[in-house]
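Let chain A serve as the given structure and place chain B with the ligands on it in line with the hints.
Chains A and B are the protein sequences, given in the same order.
Residue numbers for the first sequence follow our numbering, beginning at 485 and rising by one.
Residue numbers for the second sequence follow our numbering, beginning at 174 and rising by one.
Keep in mind that a hint or two might mislead.
[As the list claims (entries may be wrong)] The calculated lysine-lysine pairs, modelled on BS3-like cross-linking and capped at a C-alpha distance of 25 Å, are: (1) B:376 to A:494; (2) B:551 to B:502; (3) B:223 to A:746; (4) B:376 to A:525; (5) B:337 to B:434.
[Stated by the list, open to error] Among the chain A residues that face chain B by a calculated CB cut under 8 Å, a handful are: (6) 496; (7) 529; (8) 541; (9) 546; (10) 547; (11) 549; (12) 552; (13) 558; (14) 559; (15) 566; (16) 570; (17) 588; (18) 744; (19) 747; (20) 748.
Just so you know, these hints were derived from the structure itself, not from any lab.
Every residue, glycine too, gets a C-beta built ideally from N, C-alpha and C.
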Amino acid sequence: MFDYDYYLRKSKMPLIWCPGCGDGIILKSLIRAIHKNGFTKDNVVMVSGIGCSSRLTGYVDFNTLHTTHGRAITFATGIKLAKPHLNVIVITGDGDATSIGGNHYIHAARRNIDLTVILFNNQIYGMTGGQVSPTTPSGKKATTAPYGSSENIFNISGLAIAAGAPFVARTTVANPVQVERYINLALQKKGFSVVEVMTPCPTTFGRRNKAGAGVDMLKWQKEHSVTIKSAEKMSPLELDESIVTGIFVDIEKPECRTEYQKVIDQFKS
Amino acid sequence: MNKNSNNVKILSGNEACAQAALAVGVRFFAGYPITPSSEIAEVLAGELPKNNGVFIQMEDELASIGAIIGASLTGVKAMTATSGPGFSLMQENIGYAIMAEIPCVIVNVMRGGPSTGLPTLPSQGDIMQARWGTHGDHQIIALAPFSVREVFDMTIRAFNLSEKYRTPVILLLDEIIGHVNEKVIFPADNEFEIINRPNPESKDNYLPYQETASDIPPMANFGSCYRYHVTGLAHDETGFPTNNAEKINQLLQRLERKIVKHTDDIVEVEEYLLNDAEIGIIAYGSAARSARHAVKLARNAGIKTGMLRLKTIWPFAEKQIRDFSDKVKLWIVPELNMGQIAHEVEWAVRGKVPVYKYNKVNGEPINPEEILNCIKDKINV
Ligand SMILES: Cc1ncc(C[n+]2csc(CCOP(=O)(O)OP(=O)(O)O)c2C)c(N)n1
Ligand code: SF4
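The shape of chain A in the complex, shown without the other chains (with noise of 0.2 Å):
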C-alpha cells in the first residue's frame, strides 16, 4: 500500500471538500507522482490561490502557501525567480487560473518559467456556491446564470497552448492513473507545465445541471473522454459533449529562469 499519510497533514483533516467532490482523487494522484518523482519534501513549495480547489495546500506536508484569488502563479513565480532549486507546484481552480488570474496564468506560459500547475477544472466556483465560471459551457445552469449560460468557454490548455507552454495535457478524475502519469511528466519539465484535470462538483454543478452524484459525473466522465487522436475526426457539435483528453504539447524550450542565470553569470569574476 502507498504510504499517503507520510505526505499528508492528517491533523488538519477532515476534509473541507464535499462527498463526490474530485478534487480529492487529484490530491491522491498529485501525491502520488510527487513521489515517483523523488523530491523531497522540504523541495516542494506548494502555492495555491483561493477556492475549493486552493484549499489543497492545508492538507499536505510541503512548503504551503494558501495565496489571494488568482495571484497564485505571481507568487510561485516570486519564489521560483528568487530559489529557482526548489519544486514549486501551483494549485488553482478554474476561476482562480482563467478569469481573475486569467492573464497570469498566460503570461507565466509565455515567460515559461519552471512552475508545474494542476488546474483543477470543474466548470463552476466551486467555494463561493456555484456561480458562472468562464469553463461553464454555454447553456449550463449557474447561481448567477439562472437560465444558462450564455457566454462561451476558455479552452484552459488551448490558452496556455496558445501563449506558448511546453507541457500541457488534459485529463480526468475518471481516469486516476492518467492524472498522476501527466503530472509526472509534468514535474519533470523544466519549463511552466499545464495539467488541466477535469473534476466534478456535485454540489454546485452537479445539482443545479442534474448531472446526479459524484459517481454519475465521474461516470460521465469516462463515456465522454476521448482521445486527441479520435477528436480529430470528430465534429464541433461532437466535440462540445467530449472531454478530449491527451498530451496536447510536449516539447523542450528556453526556461526564463535559467536564461536569466546566464546573464547573472557573466558579471561572475
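Relative to the frame of chain A, chain B with the ligands by itself:
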C-alpha cells in the same frame, strides 16, 4: 555599490532609492512601468544581476506585488516601485503581506489623481491610500523623504522597519522628490545599520505565528527545511486557518499591537526652528522643501515660524504634534492634496490651536512665497 566612504554623486531621488535598495541587500525586484517611478526599475534591471539578484518586469502590478511577497518569503529582500494607479492595484496583496507578516517595501512615487490623473506632475494624494487602501483593520508603516539623501536613508530604514516588524512598508516619494537631482554624499556601507528579520533558533516545535514578548514571531525562510503553511485567512499560531473567535482576536490584536506599541521607534519627525515658534508648519515630502524655505522668509520678515516635518507619515506623529500644540499659536499644513494630513493634525491637536490647510491639486508645486502669504494672512500682518 559605494564601497568607498564619502561617495559623492549627483543623483535623482529615484536613482538614490535604487542605490539604497542595493546597499541594504535587496536582491529581488518585480514591477510594472509607470511614470514617475520607472527609473527605480530601470536602475535595478541593470544592477541586480550584477549583484546576484533578480529583476523581473511582471505583467501588471497585481503580479508585481505577488512576486515580491513570494520572493521575500524565501528570505530574499524584495521590493517594487509604482505610482498611484499601480498602487491601487497592489492593495489587496499589501493586506496579504500584513496578514501573513511578510516583509517587503512598496515605493509609491506619487502623481496626481484620481484615475490616470496627472502622470508627470507631482501630488501627495496617496497619503490616505497608503493608510487605508487595503481592506480591513490594519496598521501600516509609511515614510516620506524630502531630499535625495533622505530617499537613500529612508529606503534603508524602510527595509529595516519591514524586516524588524515583519510588515510591508510604504515609501512615499512624489514626482518632485523622485525626479529632483541633488548632490549627495552617500554613507559608506558600514555607516548605516542593516536589520534582518528575526529567524527561528531551532526547527523543533516551530510555530510560524507564535505569540512572543516582542509580538514579532521569528520567520523561517520558505524552502529551508521548515515546512509550514502560510495563508491570508485568519490563522492561529501554527499558521493554519481558524474560526475560533479567541484565536482570531489574538492574531488581529497582536498585528495591531506590534506596530502601535513600537510607535516611538517608528515615528520620526524633524523639528526645524520650532522652539520659539509662534507659527508652526506641519509638512512632509516635497511640500516640506518649500515650507522650510518659507520658514526662513517668515523669520526674515520678523515672524517667529518653525516647522515640524513628518518623516514618518504612518503611524501618525500624534504625540509630537500634540506637544508642540502647547507652544505654537496656530498650525499651517501645506499639502499637495485636499488636506489629507491636515485632518489628522486637527484630530491630534484636539482644538488646542487653530489648524489651517493650504492645498494645491493642480499639478503645480507649492512655492515658498505662497506659504509665506498664507502665514501673513493668518496672523494679519
Ligand atoms: C478578489 C476576490 N474576489 C472574489 C473572491 C471570492 N471567491 C472565492 S473563491 C471564488 C471562485 C473559485 O472558483 P474556482 O477558482 O473555479 O475554484 P473552485 O472553488 O471551483 O475549486 C471566488 C469568486 C475572492 N476570494 N477574492
Ligand atoms: S463545492 Fe464542489 S468543488 Fe467545492 S468541495 Fe464541494 S463538490 Fe468540491
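Each hint, compared with the structure:
1. Distance hint between residue 376 of chain B and residue 494 of chain A is fulfilled; the C-alpha atoms sit about 20 Å from each other, no more than 25 Å.
2. Distance restraint check for residue 551 of chain B and residue 502 of chain B: the Cα-Cα separation of roughly 11 Å lies within the 25 Å cut-off, and the hinted pair is therefore satisfied.
3. The suggested pairing of residue 223 of chain B with residue 746 of chain A holds, with an alpha-carbon distance near 11 Å, which does not exceed 25 Å.
4. At most 25 Å may separate the alpha-carbon atoms for a hinted pair to count; residue 376 of chain B and residue 525 of chain A meet this at roughly 15 Å.
5. Distance restraint check for residue 337 of chain B and residue 434 of chain B: the Cα-Cα separation of roughly 14 Å lies within the 25 Å cut-off, and the hinted pair is therefore satisfied.
6. Here the hint on residue 496 of chain A is kept, as its CB sits about 6 Å from the closest CB of chain B, short of 8 Å.
7. Given hint, residue 529 of chain A at the interface with chain B, holds; its Cβ is 6 Å from that chain's nearest Cβ, closer than 8 Å.
8. At a threshold of 8 Å, the smallest CB-CB gap from residue 541 of chain A to chain B is about 7 Å, leaving the interface hint in force.
9. At its closest, the beta carbon of residue 546 of chain A sits 6 Å from a beta carbon of chain B; the interface hint therefore holds under the 8 Å criterion.
10. Given hint, residue 547 of chain A at the interface with chain B, holds; its Cβ is 5 Å from that chain's nearest Cβ, closer than 8 Å.
11. About 5 Å separates the beta-carbon of residue 549 of chain A from the nearest beta-carbon of chain B, less than 8 Å, and the hint is met.
12. Using the Cβ-Cβ criterion of 8 Å, the hint placing residue 552 of chain A at the interface with chain B is satisfied: the shortest such distance is roughly 5 Å.
13. Interface restraint check: residue 558 of chain A against chain B, minimum CB-CB distance 3 Å, threshold 8 Å, status holds.
14. Against a cut-off of 8 Å between C-beta atoms, the interface hint on residue 559 of chain A holds, since the closest Cβ of chain B lies about 4 Å away.
15. A cut of 8 Å between beta carbons decides the hint on residue 566 of chain A: the least distance to chain B is about 4 Å, and the hint holds.
16. Because the beta carbon of residue 570 of chain A sits about 5 Å from the nearest beta carbon in chain B, less than 8 Å, this interface hint is met.
17. Because the smallest distance between the Cβ of residue 588 of chain A and any Cβ of chain B comes to about 6 Å, under 8 Å, the interface hint for this residue holds.
18. Below 8 Å, beta-carbon pairs count as interface contacts, and residue 744 of chain A has one with chain B at about 6 Å; its hint therefore holds.
19. Residue-level restraint check for residue 747 of chain A holds (minimum Cβ-Cβ distance to chain B is 5 Å; threshold 8 Å).
20. Taking 8 Å as the C-beta contact cut-off toward chain B, the hint placing residue 748 of chain A at the interface holds, the least distance being around 5 Å.
Checked against the numbered hints above, the structure violates none of them.
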